[in-house]
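Chemist: From first to last, the protein sequence lines stand for chains U and H.
All the letters of the first sequence, read from the start, carry residue numbers 1 to 523 under the numbering used here.
All the letters of the second sequence, read from the start, carry residue numbers 1 to 450 under the numbering used here.
Honestly, the hints are just simulated from the structure, not real lab data.
Because the structure is a prediction, the values reported are computed rather than measured.
Please note that a few of the clues may not be correct.
[Stated by the list, open to error] Lysine-lysine pairs mimicking DSS-like chemistry, simulated, CA-CA at most 30 Å apart:
1) K182(H) - K423(H)
2) K182(H) - K263(U)
3) K5(U) - K423(H)
4) K5(U) - K232(H)
5) K96(H) - K5(U)
6) K377(U) - K326(H)
7) K326(H) - K5(U)
8) K337(U) - K259(H)
9) K263(U) - K243(U)
10) K5(U) - K59(U)
[As the list claims (entries may be wrong)] Not close to chain H: a few residues of chain U, all C-beta gaps over 10 Å, as computed:
11) E39
12) E90
13) S230
14) E478
Here a beta-carbon is modelled for each residue, glycine too, at the ideal position from N, C-alpha and C.
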Amino acid sequence: MAEPKTKYDRQLRIWGEQGQAALENASICLLNCGPTGSETLKNLVLGGIGSITVIDGSKVEVADLGNNFMVDESSIGQSKAKCVCAFLQELNDAVKAKFVEESPEALIETNPSFFSQFTLVIATQLVETSMLKLDRICRQSNVMLIFARSYGLTGFVRISLKEHDVIESKPDHFLDDLRLNDPWPELQRFAESIDLNATDPVIHKHTPYVVILVKMAEEWANKHGGCLPSTREEKKEFKDLLKSRMIDIDEENYKEAIEASFKVSTPRGISSRLRQIIEDSSAEVDSSSSDFWVMVAAVKDFIVNEGGGEAPLEGSIPDMTSLTEYYVNLQKIYQAKAEADFLAVESRVRNILKRIGRDQDAIPRTTIKTFCKNARKLTVCRYRLIEDEFNSPVLPELQKYLTDEDYSVAIGFYILLRAVDRFATNYNRFPGMFDGEMDEDISRLKTIAVGILNDLGFNGSTLTEDLTNEMCRFGGAELHAVAAFTGGIASQEVIKLITKQFVPMSGTFIFNGVDHKSQLLLL
Amino acid sequence: MADPVSQASSRWRDLDKLLLRPGNLVGPNFDPGTELRDDLQEYAKVLVVGAGGLGCELLKDLALMGFRNLEVIDMDRIEVSNLNRQFLFRLQDVGKPKAEVAAHRVMERVSGVDIVPHFCRIQDKDLEFYNKFNIIALGLDSIEARSYINDVACSFLEYDAEDNPCEETIKPMVDGGTEGFKGHARVIMPGVTPCFECTIWLFPPQVKFPLCTLAETPRTAAHCIEYAHLIKWDEVHGGKPFDADDPEHMQWVYSEAVKRAELFGIPGVTYSLTQGVVKNIIPAIASTNAIISAACALETLKIATSCSKTLSNYLSYNGLEGLHTKVTEFVRDKDCPVCGPGVLLELDTTTTLQKFIELLEEYPKLHMSKASVTYRGENLYMQAPPVLEEMTRSNLTVPLFDLMGKIPKGIVHISGTATKNDKKTSCTRKLRVLFKVIDGDTDMDTATGS
Chain U
1 MAEPKTKYDR QLRIWGEQGQ AALENASICL LNCGPTGSET LKNLVLGGIG SITVIDGSKV
61 EVADLGNNFM VDESSIGQSK AKCVCAFLQE LNDAVKAKFV EESPEALIET NPSFFSQFTL
121 VIATQLVETS MLKLDRICRQ SNVMLIFARS YGLTGFVRIS LKEHDVIESK PDHFLDDLRL
181 NDPWPELQRF AESIDLNATD PVIHKHTPYV VILVKMAEEW ANKHGGCLPS TREEKKEFKD
241 LLKSRMIDID EENYKEAIEA SFKVSTPRGI SSRLRQIIED SSAEVDSSSS DFWVMVAAVK
301 DFIVNEGGGE APLEGSIPDM TSLTEYYVNL QKIYQAKAEA DFLAVESRVR NILKRIGRDQ
361 DAIPRTTIKT FCKNARKLTV CRYRLIEDEF NSPVLPELQK YLTDEDYSVA IGFYILLRAV
421 DRFATNYNRF PGMFDGEMDE DISRLKTIAV GILNDLGFNG STLTEDLTNE MCRFGGAELH
481 AVAAFTGGIA SQEVIKLITK QFVPMSGTFI FNGVDHKSQL LLL
Chain H
1 MADPVSQASS RWRDLDKLLL RPGNLVGPNF DPGTELRDDL QEYAKVLVVG AGGLGCELLK
61 DLALMGFRNL EVIDMDRIEV SNLNRQFLFR LQDVGKPKAE VAAHRVMERV SGVDIVPHFC
121 RIQDKDLEFY NKFNIIALGL DSIEARSYIN DVACSFLEYD AEDNPCEETI KPMVDGGTEG
181 FKGHARVIMP GVTPCFECTI WLFPPQVKFP LCTLAETPRT AAHCIEYAHL IKWDEVHGGK
241 PFDADDPEHM QWVYSEAVKR AELFGIPGVT YSLTQGVVKN IIPAIASTNA IISAACALET
301 LKIATSCSKT LSNYLSYNGL EGLHTKVTEF VRDKDCPVCG PGVLLELDTT TTLQKFIELL
361 EEYPKLHMSK ASVTYRGENL YMQAPPVLEE MTRSNLTVPL FDLMGKIPKG IVHISGTATK
421 NDKKTSCTRK LRVLFKVIDG DTDMDTATGS
């Protein structure tokens, strides 16, 4: 067996050992193991997911050899679930792989409690009626659910669960929290200890930009009645002021200060994103609240009390030109403040836990610490039941998609993907499956799609002929590349959901394989 | 057992929906029918460059999208850290050439597909090798390698008298790249859509730490690591080259970095970070590779068959915060030295090949040293291997004009070393050579007759 640390090195650099442990503890159920399903699982098995259960009632046919890598000639006539499961097991012996040879539709119908044993269910290639039923089952038993479908050159991915809270959202670009325009006493004192007019050129060009900006912002405010640069002219003037303090044209620290000068003008207080979370009704906690919301409640109290309107300090600073000593001291000042903020939040967490009748130590310190460090980046994702979306979509959004050219293909495919399932209910096959009935199928599908739009109160004429024809041309085909794409997206989202890191997609992702102008529809 | 014909048609049941049926949202000259599928299987030749995270996926995807004639080139051997995403490799394959194992595994599972592996550097193959493919699919992780293949593919491109690209000389490329949860897929039709060089700004050169920071004012763990790696190693080991693949070397750098970090009170030096910084490791996961390769394979099928519209021309994918995909239509750089009509060089008819090669070093847009020169597939001078060098050496004293059959203008291909961003890279360029006609010096019969 390979040293897992080496084997998983390239992904541990993304989600760390905690993320990896979450994956290794997860138990995944796959419904239907055609190419879409098997490719989704392949990506998870390689990454070391804990256990998989493959559910499929069909036998391998010749046509499967044309789009599914996990079956081969020797599999023909055998259980598809068994063959796919065997191949997946070969990819990673650390994964517990099993299969159930049964049709997912039948299982949904006859044994709904079956699904409650899993962390997450991946449902592929299900038609509407089964989707709606499974959605209700998983919602009720609190099992995460993700749908993936490949259909000709289109398809979709949709997450369904009540709520998903992310502490470590790890955004790519996020404004750092330096408090340049509102320094706390220790930072203030440190800045005062350094003379910007130092005559030693080595000191002058190694004074960190944080110190330069704290001092210059204060200087500016003193001259401008306590205000900071806000208009474009003022901001430019502030930059010129910084420039005038350079004693040499290649002082990197001053260049950095000029580049970061906008940070002195950032508004104080918390972002609208965080405000929305602390004002959410779930922040009114009781004994049934999750740890996440208990910590939100604590941070909320912190903000109005010790925080003075600010969230707990993150504590890390970016690299900047500086003497080592200055930089290390600056780091310590930010970390000390972050630690103090954390201790304040922690004691609030303990008090809240006590108040709602839970064990005061129910939430570990490390969790609270991580929470504080990420307070400004918290993310809450909620998903509607598919049935609700289908029956009462968000009308202004739908209106927008139907009239905005950027969305016309995606919304067209969205309606048509629903229409093909209704077609299948009526005719027991997908439109365009047989060459001989192409023309009839096109007009039948069109009637159904127009009907769906009419039911929602919209004119069916927005649907183009080209798209309807294309949908019939697809004839329900599951193309390998499309399956690998939608399966890839599905597995990516599964990883985010299980590791509780990064932000999962919202809405429905509609794949557009014609020109790749895929869209997320927030209905 | 079903007969082979109906077995073939039922095996490709799903793909046939796309290849056998007419559609409205298709590419130019789409001609659906069983012949299209048969031609795809019989004649379309695709080269997959790289058998790593993207390459493994590409080979599988192309084999299952109906392609039968594939070749793959990769110089690397399988490592344990590949196994979290390069799904064609197993633990017992560690140490074997990637190209060979990947080709073998896909052929084992998809009957009828033929994959020829090439375990070598991309520079080891001549232009002829690359020219036999209809499409080149790139699954690479380095800018240099992309640039090289781009040079090669663009070198086949010819322009007509009006400076329009000649269609039969266009060598399409499909390029993918990933980093963590992000990636891109693009289609390059040299002469029509921007080539890699036209949009080289998409790949800004990596920022290096200034040496004075490393030596005098280190602040981060990475500074301590780079100090040990770039400065201390040479001080102590004078002359012995550092080998990032030697665990003892890495361990030495790590422990030196720890010492330095302690000295300055800097936190965060770990063995894993040391490896990451020294080897410039880019995080990689299976799912992103799958997504990007699938988009590339789909576009490859569309280029080969016109069965749908094509991506025009750059797809970016970001799964970090929610899910974002975006298609951008980049535009060509009309003066691109790689995919443009070619750098124009005016020469005297008396200029010898030797003199010509020297000129290339000085020429502003080229700065190419140690150039090898070919004209219409014929080697005029080759720097290597020694056998070829010896065979072509006698040409050096002959005027280029004579070597090119005394025509007033023509296109030569040169390959050698160019210096870009202080870094030496191998590249090939296309040159339009124009000879200054001196009265009575040109034999017009030869010129028109060639």
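Chemist: Confirm or reject each hint.
Modeler: Evaluated hints:
1. K182(H) - K423(H): OK: K182(H) and K423(H) at ~27 Å, within 30 Å.
2. K182(H) - K263(U): holds, 28 Å
3. K5(U) - K423(H): Not OK: K5(U) and K423(H) at ~34 Å, beyond 30 Å, violated.
4. K5(U) - K232(H): holds, 28 Å
5. K96(H) - K5(U): The hint holds at about 21 Å.
6. K377(U) - K326(H): holds, 24 Å
7. K326(H) - K5(U): Since the Cα atoms of K326(H) and K5(U) sit roughly 34 Å apart, the hinted pair is violated (cutoff 30 Å).
8. K337(U) - K259(H): Distance ~28 Å between K337(U) and K259(H) Cα, so the pair holds.
9. K263(U) - K243(U): holds, 16 Å
10. K5(U) - K59(U): Distance of about 38 Å is beyond 30 Å: violated.
11. E39: violated, 6 Å
12. E90: violated, 7 Å
13. S230: Non-interface label stands for S230(U): nearest chain H Cβ at 29 Å, farther than 10 Å.
14. E478: violated, 6 Å
In the structure shown, a violation is registered for the earlier hints numbered 3, 7, 10, 11, 12, 14, in ascending order.
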